[in-house]
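Q: Residue strings, one per chain:
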Amino acid sequence: MLDLLKAPIQAVQDFYELTGRAMRNVFRKPHYLDDIKLQMDTIGVGSIPIVLLTGFFSGAVMALQMGRSLQDYGQTGRTGTFVSIILVRELGPVLTAVMVAGRNSSGMASELGSMKVTEQIDAMRALGTDPLQKLVTPRMIATALMLPCLTVIDDFVGMLGGWLIAVYVYALPSLQYWSTTWRALVWNDVAQGLLKPFVFSFAISLIGCFYGLRTKGGTQGVGRATTQAVVVADVVIFVVDLFITKIFVSATSS
Amino acid sequence: MSADTSLLRFENVTVRFDDDETNALDDLSFDVRPGETRILLGAAGSGKTVLLKTAIGLIRPLGGQVRLIGQDIARMPEEKQFDIRRHVGMLFQESALFDSMTIAQNVAYPLLNQRVNRLPRAQMEPAVREALRFVELEHTLEKLPSELSGGMRRRVAIARAVVTKPPLLLYDSPTAGLDPITAHTIMALIIKERDVDNTTALVVTHRYQDGNLVANFRYNPDSGRLDPAGKQGTNTVFMVLREGRLIFEGSQAELEAARDPYIAKFVKRPEEEAAA
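Chains H and V, in that order, give the protein sequences.
Heads up: the first sequence at position 89 corresponds to 312 in the numbering used here, and the numbers run straight through without jumps.
Heads up: the second sequence at position 204 corresponds to 283 in the numbering used here, and the numbers run straight through without jumps.
These aren't lab readings, by the way, just hints derived from the structure by calculation.
Worth double-checking, as some hints may not be accurate.
To be verified - Straight-line distance between alpha carbons at most 27 Å, and here's what the computed DSS-like set of lysine-lysine pairs gives:
1) K159/V / K252/H
2) K357/H / K222/V
3) K339/H / K222/V
4) K244/V / K439/H
5) K132/V / K260/H
6) K252/H / K132/V
7) K244/V / K252/H
8) K344/V / K357/H
9) K357/H / K244/V
10) K310/V / K339/H
11) K357/H / K159/V
12) K244/V / K222/V
Unchecked claim - If you anchor each label on the Cβ, the simulated ranges turn out as follows:
13) L141/V / G243/H: 24 to 32 Å
14) A414/H / M180/V: 24 to 32 Å
15) F96/V / D257/H: 33 to 41 Å
16) P199/V / V413/H: 41 to 49 Å
17) G300/H / S179/V: 51 to 59 Å
Since the model is a prediction, treat every value here as computed from it, not as a measurement.
We treat Cβ as the ideally placed atom computed from N, Cα and C, and that holds for glycine.
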């Protein structure tokens, strides 16, 4: 029984160690600015198409569903309110994080995993450079900077999708849609909507790198690491989301 | 000799992996002194690679001390090990080049990324060119490792190991899996590096003829070829590793005179092998 627990406990401990070292490296020399820029481009700019598409369609679908439910109460005019609250507080951050996890946690795990199985990580260490400093910290910083930006884009495109549905399906005036959308939001929502992606970003980058760096067993191992990274990152995003939401709900209701 | 003058010193080092019942390295002690070339002979699985990885702290021993450039590397946190590893060049068995970087970027990697001796960009290119000229691959700068042959990849890995001019070089089976002609080219480079830059080296190999070449030939800078070392000889020490234990340490003459059948098998010269 104890032996069964040994491996997962060891893994959690290793993960905390990786997290600690990656965070400490933010304040240590050398800083690999070129790597941070490259990762910002891959993670941030590279994810824009998928964020635009999922954001647009999720916003549109939500407007459709909300509009239909609100029709029963004769409140179709408030579609914008619901679309914007749900997008900014919840759907935008979570959906963007899940998409970026699917794209980049997997990418990090497979890239670092391939480097691990071909001894390139050992070569980095042997050449007197810290693979965490060179590979993990730039990915962590880049994701933390880019995910909030991507979330803002996702929120806006989602509202745009909702607007199309509101105007063309429910025949709402544009002005009404945008003013309800705008008025629905308070600072608390914006804070929540930006804090969430910032926290999720660490789950995405660190879990991706963690599984990549502990890859064992050749190409099959790389495949396994990639799958595990995405699954675990997604689950962690939803769990953390619940906790952050609970904190915000408690803070605003008291 | 005190520990401070030796570049690499193993003191009763034992390494064991979690699920193994026997030790990968068993109570190993030896000392690599400046100017010396050590040839470590051993069959596959005898612990040669484990020994090299332990020497630079990639593997932590169960017991004993590993002193690299005078410091106990086995007991220090990894963040401190990086600065010591700068003084060591290592050639991995499979070259371990960064496959998504060009040859020039691979060779420039230690210069660009080490914490301490990062060169200004202007000095980078000449240093990279010089290292690649040393292994006669200056024309491959913009190629990717996958576009080169196995022998060329290993030469690039040598260039990457020597570009920072480390005083100690560790070669892990530099000739494994190569044809005799390419293997000779690689060994000639190792001898050239020793004689041009006066570096200390630990060469791990399973081929006795590699050691024989290092012990008896010198690089002639005028002709660019290897000449017999003659009477003055070279400062070469042989060691034989068997299942994690050091069973021999001494000169080439002592090695050839050894009666142990395991050692005798290694020392068989190619012509004897052909006759047998």
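Q: Could you run down the list of hints and mark each one as holding or not?
A: So, going through the hints one by one against the coordinates:
1. Pair hint K159/V plus K252/H holds up; C-alpha atoms about 13 Å apart against a cutoff of 27 Å.
2. The suggested pairing of K357/H with K222/V holds, with an alpha-carbon distance near 23 Å, which does not exceed 27 Å.
3. Distance hint between K339/H and K222/V is fulfilled; the C-alpha atoms sit about 22 Å from each other, no more than 27 Å.
4. A hinted pair counts as satisfied when its Cα atoms are at most 27 Å apart, and K244/V with K439/H does not qualify at roughly 33 Å.
5. With a CA separation close to 33 Å, the supplied pair K132/V and K260/H exceeds the 27 Å bound.
6. Distance hint between K252/H and K132/V is fulfilled; the C-alpha atoms sit about 25 Å from each other, no more than 27 Å.
7. For the suggested pair K244/V and K252/H, the alpha carbons sit about 22 Å apart, so the restraint of at most 27 Å is met.
8. The straight-line distance between the Cα atoms of K344/V and K357/H is roughly 45 Å, outside the 27 Å bound, and the hint therefore fails.
9. A hinted pair counts as satisfied when its Cα atoms are at most 27 Å apart, and K357/H with K244/V qualifies at roughly 22 Å.
10. The straight-line distance between the Cα atoms of K310/V and K339/H is roughly 46 Å, outside the 27 Å bound, and the hint therefore fails.
11. Proximity of K357/H to K159/V is assessed by CA-CA distance (about 16 Å); at most 27 Å being required, the pair is judged to hold.
12. Annotation: proposed proximity of K244/V to K222/V holds, straight-line Cα distance about 24 Å (limit 27 Å).
13. A C-beta distance of roughly 25 Å is found between L141/V and G243/H, which places it inside the suggested range of 24 to 32 Å.
14. Restraint check, A414/H to M180/V: a C-beta distance of roughly 42 Å breaks the suggested window 24 to 32 Å.
15. As the Cβ distance of F96/V to D257/H is approximately 37 Å, the hint placing it in 33 to 41 Å holds.
16. A beta carbon spacing of about 45 Å between P199/V and V413/H agrees with the range 41 to 49 Å that was offered as a hint.
17. A beta carbon spacing of about 54 Å between G300/H and S179/V agrees with the range 51 to 59 Å that was offered as a hint.
In summary, the structure is inconsistent with hints 4, 5, 8, 10, 14 from the numbered list given earlier, while agreeing with the others.
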